[in-house]
Amino acid sequence: MLENIENVIKIVFLILSIVWIGKIMVLRTDKQIVINPLLIGIASILAVLPQSDSDIEVFGVTIQTIRIILYCIYSLIIILGLYAISRKNGIF
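Mind the numbering: the sequence shown is residues 1 to 92 in the working numbering, read in order.
Just so you know, these hints were derived from the structure itself, not from any lab. Check each hint, because a few of them may be wrong.
[Said to hold, decoys possible] Simulated restraints, written as ranges between beta carbons of each label pair:
hint, residue 1, residue 2, range
1, I18, F59, 26 to 36 Å
2, V61, V8, 14 to 24 Å
3, S86, G60, 37 to 47 Å
4, S86, T65, 11 to 21 Å
Quick reminder that beta carbons are idealized off the backbone N, C-alpha and C, glycines included.
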């Protein structure tokens, strides 16, 4: 079941990343200076983690669960970033 959830989250991850790339190319704001390093850090951690079929645990949590959590955090950061960019008096 976690494999299915991870596949759906990967698709959402890809779509939101493409939307964010479009916003970076069209709009240049100071809010992106805060958000982009966070996204790069999370993406680099996801690239280094082993595939989800391994049964490795870190602090009692499986790698697959960690990957799902990182995908969710990445998606939330992009959604908050899109909201902050679209509003003149946004979050930042």
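Original post:
Taking the beta carbons of S86 and G60, is their distance inside 37 to 47 Å?
Top reply: At roughly 39 Å between Cβ atoms, G60 and S86 fall inside 37 to 47 Å, so the hint holds.
Original post:
Is it true that the C-beta distance of V61 to V8 lies inside 14 to 24 Å, as the hint says?
Top reply: The hint (14 to 24 Å, Cβ to Cβ) holds, given that V61 and V8 are roughly 20 Å apart.
**OP:** Go ahead and decide if the range 11 to 21 Å is satisfied by the Cβ distance of S86 to T65.
**Re:** Roughly 32 Å apart at Cβ, these two residues miss the hinted range, so it is violated.
Subject >> Supplied distance hint 26 to 36 Å, evaluated on CB atoms of I18 and F59 >> reply: holds, 33 Å
Consistency note: the structure conflicts with earlier hint 4 alone.
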